[in-house]
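K.L.:
Assemble chain B onto chain A, guided by the hints.
Just so you know, the protein sequences line up as chains A and B, in that order.
Count the first sequence with this note's numbering and you get residues 3 to 266, in order.
Count the second sequence with this note's numbering and you get residues 2 to 296, in order.
These are computed hints drawn from the structure, not numbers from a lab.
Please note that a few of the clues may not be correct.
No more than 30 Å apart at the CA atoms, straight line, and that leaves these computed lysine-lysine pairs for DSSO-like [what the hints assert, rightly or not]: (1) A/Lys-228 x A/Lys-148; (2) A/Lys-148 x A/Lys-166; (3) B/Lys-213 x B/Lys-226; (4) B/Lys-177 x A/Lys-77; (5) A/Lys-102 x A/Lys-248; (6) B/Lys-256 x B/Lys-16; (7) A/Lys-134 x B/Lys-160; (8) B/Lys-18 x B/Lys-131; (9) B/Lys-131 x B/Lys-226; (10) B/Lys-142 x A/Lys-134; (11) B/Lys-66 x B/Lys-16; (12) B/Lys-177 x A/Lys-134; (13) A/Lys-166 x A/Lys-228; (14) B/Lys-160 x B/Lys-213; (15) A/Lys-148 x B/Lys-213; (16) A/Lys-77 x B/Lys-160; (17) B/Lys-15 x B/Lys-66; (18) A/Lys-228 x A/Lys-163; (19) A/Lys-148 x B/Lys-142; (20) B/Lys-213 x A/Lys-134; (21) A/Lys-7 x A/Lys-248; (22) A/Lys-228 x B/Lys-160; (23) B/Lys-160 x B/Lys-142; (24) B/Lys-16 x B/Lys-160; (25) A/Lys-248 x A/Lys-234; (26) B/Lys-53 x A/Lys-163; (27) B/Lys-256 x B/Lys-131; (28) B/Lys-256 x A/Lys-166; (29) A/Lys-228 x A/Lys-248; (30) B/Lys-66 x A/Lys-148; (31) A/Lys-148 x B/Lys-53; (32) B/Lys-177 x B/Lys-213; (33) B/Lys-142 x A/Lys-234; (34) A/Lys-134 x A/Lys-7; (35) A/Lys-7 x A/Lys-77; (36) B/Lys-66 x B/Lys-53; (37) A/Lys-166 x B/Lys-53; (38) A/Lys-148 x B/Lys-160; (39) B/Lys-18 x B/Lys-66.
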Amino acid sequence: MNKGKLLAGLDAGHINTKAIIMRGQEILGDCTVPTGFDVVNAAQTALNDAAESAGISMGELGGIIATGIFKDMMKVPPLSATTTVHEYMADAKGALFLNKNSRTVIDIGGNIHKAVCYDQNGDLVDVVQNDKCADGLGIFYTTMGKALELSEQEMSELALKSTKNLSIAIQCALSAQSDAIDLICQGRDIADVADAISKFIAERVADMSTYMSLTKEIVVAGGLAKSQVLIKHLSSLLNQDLSVLKPPEYVGAIGAVISYEGER
Amino acid sequence: MSENVSVDEQLDWKKAKVIAVGVDSGAVSSKAAILLDGQPYAFSQIRTRTPKESASGAINAALAKTDLKLENIQNIVATGRGRDQVPFAHETLSEIACGAAGAVNIWGPSVRTVLDIGGESCKVIHCTEKGRATDFLWNDKCAAGIGRYMETFADLVQKEVTEIGNIALQSDHFPKLSDFCSVYAQSEALDLIQSDVSVEQVIAAYHNAMAKRISTLVARFGMEKNFVIIGGLARNPGIIHWLESILEVNRLAPKPEWDPTLTTALGAAVFADAFYRRQQSDTSTAAGVDQALST
Chain A
3 MNKGKLLAGL
13 DAGHINTKAI
23 IMRGQEILGD
33 CTVPTGFDVV
43 NAAQTALNDA
53 AESAGISMGE
63 LGGIIATGIF
73 KDMMKVPPLS
83 ATTTVHEYMA
93 DAKGALFLNK
103 NSRTVIDIGG
113 NIHKAVCYDQ
123 NGDLVDVVQN
133 DKCADGLGIF
143 YTTMGKALEL
153 SEQEMSELAL
163 KSTKNLSIAI
173 QCALSAQSDA
183 IDLICQGRDI
193 ADVADAISKF
203 IAERVADMST
213 YMSLTKEIVV
223 AGGLAKSQVL
233 IKHLSSLLNQ
243 DLSVLKPPEY
253 VGAIGAVISY
263 EGER
Chain B
2 MSENVSVDEQ
12 LDWKKAKVIA
22 VGVDSGAVSS
32 KAAILLDGQP
42 YAFSQIRTRT
52 PKESASGAIN
62 AALAKTDLKL
72 ENIQNIVATG
82 RGRDQVPFAH
92 ETLSEIACGA
102 AGAVNIWGPS
112 VRTVLDIGGE
122 SCKVIHCTEK
132 GRATDFLWND
142 KCAAGIGRYM
152 ETFADLVQKE
162 VTEIGNIALQ
172 SDHFPKLSDF
182 CSVYAQSEAL
192 DLIQSDVSVE
202 QVIAAYHNAM
212 AKRISTLVAR
222 FGMEKNFVII
232 GGLARNPGII
242 HWLESILEVN
252 RLAPKPEWDP
262 TLTTALGAAV
272 FADAFYRRQQ
282 SDTSTAAGVD
292 QALST
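The following block holds chain B by itself, in its conformation from the complex:
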């Protein structure tokens, strides 16, 4: 189990009118985001073996650090692959809707395409300037698990998963690996051990192959600018470098204060906030949500 919590100490939840929480219960880890009147307040990320444990862990870690109680919170929206396993959620929403809302909340209304590369799945989302998802493409089965396979790969080459993305940038020349199937790519990478290819080159080759695999999803679905990348692999410079070079487009620069892994949880919190306001103002139309989202 690993745990990560951050709190904006400048804010005081006791003064907030609306406390909204988003929980992204993913295939690898759960993330929680707390908003005070729409302002980002606290974030946490917990990794355990089941979504149920990690979702509870994520919210409890954030509550513990802020002295908040579950009953102080007006609304909790759960999203992610394990969203049905979050016992304390008031509502659930798809990670597509939340990914788009989170991305627009961070990068602003110019975002039209969101690429979400997570531990187990990878998806491309088109959205409006208000952060409403209009269409999406989910990875085909052969492009599943790229995040978790990256960890396995790091173990196999005996490097830290946080450092292999930088190592991947050290080589311009490397052998080509299968870029359709992660099983093939992994096996071919292992076979390279006995050639005179360096470990750095093999790491570059693997990142290149995975970036190519992800890029086919974006290319197939079509991309309108501006383009952003969210999810855990958005922190991997090797994947980002090759993606941008293959797609011939630059993503909007990451916001240094934002961990892209938390984007979807933030989106869920934005919805939780908007839903609660809508309930209060008693406008039950979609326009009401748009209005609430844009405020």
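Okay, chain A solo, but in the shape it has when bound:
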């Protein structure tokens, strides 16, 4: 492994584009930018700001490794990524790098969520991804935060104080939104509604996870992993201990770099 080479990991997701700057095993800088409708522009911004936070210039970068749903758009100029790594592989490598004992990572992203099992080398063993009806959980979470005029962090903190066990839809984010709004219109406590929202997301992720046996230790990645209440519900539904990777939203980007390092 070339310890001296500076590499950038770029995870171009549906909702957010994440960039990380690494030298060997060391994380030097990061940045997250909303993808919007201009993926390339978002990627460039994320990359520039990540380089700035790492205190390096773009010219010093020894390579850009892209992953995420829009990774193929990174291959061409202006970004001209060195190579691309599949999201599943990036998740596995990144999770193993951040937690050596982990064998399963559950990644809860803005539009899709997935679980990836891997061996001690970070090679894939099994993978499961949500069905289309469960798309958009992260978007839903953000939308509900806006509706409740709470940040995602506040929503989680408030939900942890919930005393009532309310439930919303069992199927999709659309009916969940409709049910949550109904609860609000009935004058229910915001904390209980926030809890129901988080539990709904946990249920959808847990449902997906039943299609695969989850090897221990299980770790969680993706922006939604920051919600403590969500992790609490998911852990209880799966009846498993879960630990959240740090930083959860950069697991894919880090994994892309680690995966490339391992190839060489």
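P.N.:
Just chain B, lined up with the frame of chain A:
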């Protein structure tokens, strides 16, 4: 929180015999309408996180701007999804009844079908020339949330929700998105980011899909002319364009002086006024209300 208040300064509430208020406490925002002897006087719209807060906010904003006090008001009718959360309301009525009454009050007795596209729900209402709702169809669950999803969609494409309706009109050709489910449509729209489809085309595609979704409700329920559209999405030219083109019918042109978002609140105020008059004249029959509504 956002706030919007308008007052007709030509009128003086101190000269009014009957001051009636309608409050439409919706899933996204609350709207209040004040009538002076049946004449539109003040309107407000407030958006906060709960119906209780926004309903109080809406009435307080209107009162503050007019120097009216709650005790000056003869009757207050609450409607909308959060109508049971309006502490100061004297009576509550469904948004179906109020939507029809409001639409006929604005567009006149020729209205027979009212399409109400709100933040969370969407409904088709049939009504009489006096604005009495005779029948309605509420959206099925898969067609819920079109208004709020439109806002989320605007955020995702990084445009203002007030401008995407016009952007949607810029493209004639665009890919088809799922027009049954908003979750599918949203997800498919995001996947289009990596194709060579422009953001304008994706916005057009999304509006087309949502208009198609709404049109199935109207088509299933049946439509008799004249046809009007009320609710927040009535201000979205993209949705209106595709709705009219799919349904092959034109709505009655919007009244420039009326914000269609306020229609149901106006209807509630019309009822508040009518109920109060009925009480005063002591006629407790339905005909009494009809009579009061038509005066």
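K.L.:
All hints, please: hold or fail.
P.N.:
To see whether the hints hold, each was checked on the structure:
no., hint, in the structure
1, A/Lys-228 x A/Lys-148, "holds (17 Å)"
2, A/Lys-148 x A/Lys-166, "holds (22 Å)"
3, B/Lys-213 x B/Lys-226, "holds (19 Å)"
4, B/Lys-177 x A/Lys-77, "holds (28 Å)"
5, A/Lys-102 x A/Lys-248, "holds (13 Å)"
6, B/Lys-256 x B/Lys-16, "holds (27 Å)"
7, A/Lys-134 x B/Lys-160, "holds (25 Å)"
8, B/Lys-18 x B/Lys-131, "holds (23 Å)"
9, B/Lys-131 x B/Lys-226, "holds (15 Å)"
10, B/Lys-142 x A/Lys-134, "holds (17 Å)"
11, B/Lys-66 x B/Lys-16, "holds (17 Å)"
12, B/Lys-177 x A/Lys-134, "holds (17 Å)"
13, A/Lys-166 x A/Lys-228, "holds (23 Å)"
14, B/Lys-160 x B/Lys-213, "holds (22 Å)"
15, A/Lys-148 x B/Lys-213, "holds (27 Å)"
16, A/Lys-77 x B/Lys-160, "holds (27 Å)"
17, B/Lys-15 x B/Lys-66, "holds (14 Å)"
18, A/Lys-228 x A/Lys-163, "holds (17 Å)"
19, A/Lys-148 x B/Lys-142, "holds (22 Å)"
20, B/Lys-213 x A/Lys-134, "holds (20 Å)"
21, A/Lys-7 x A/Lys-248, "holds (23 Å)"
22, A/Lys-228 x B/Lys-160, "holds (27 Å)"
23, B/Lys-160 x B/Lys-142, "holds (27 Å)"
24, B/Lys-16 x B/Lys-160, "violated (46 Å)"
25, A/Lys-248 x A/Lys-234, "holds (17 Å)"
26, B/Lys-53 x A/Lys-163, "holds (21 Å)"
27, B/Lys-256 x B/Lys-131, "holds (19 Å)"
28, B/Lys-256 x A/Lys-166, "violated (46 Å)"
29, A/Lys-228 x A/Lys-248, "holds (9 Å)"
30, B/Lys-66 x A/Lys-148, "holds (28 Å)"
31, A/Lys-148 x B/Lys-53, "holds (17 Å)"
32, B/Lys-177 x B/Lys-213, "holds (11 Å)"
33, B/Lys-142 x A/Lys-234, "holds (29 Å)"
34, A/Lys-134 x A/Lys-7, "violated (40 Å)"
35, A/Lys-7 x A/Lys-77, "holds (20 Å)"
36, B/Lys-66 x B/Lys-53, "holds (20 Å)"
37, A/Lys-166 x B/Lys-53, "holds (20 Å)"
38, A/Lys-148 x B/Lys-160, "holds (16 Å)"
39, B/Lys-18 x B/Lys-66, "holds (20 Å)"
Against the hints set out earlier in the document, violations occur for numbers 24, 28 and 34.
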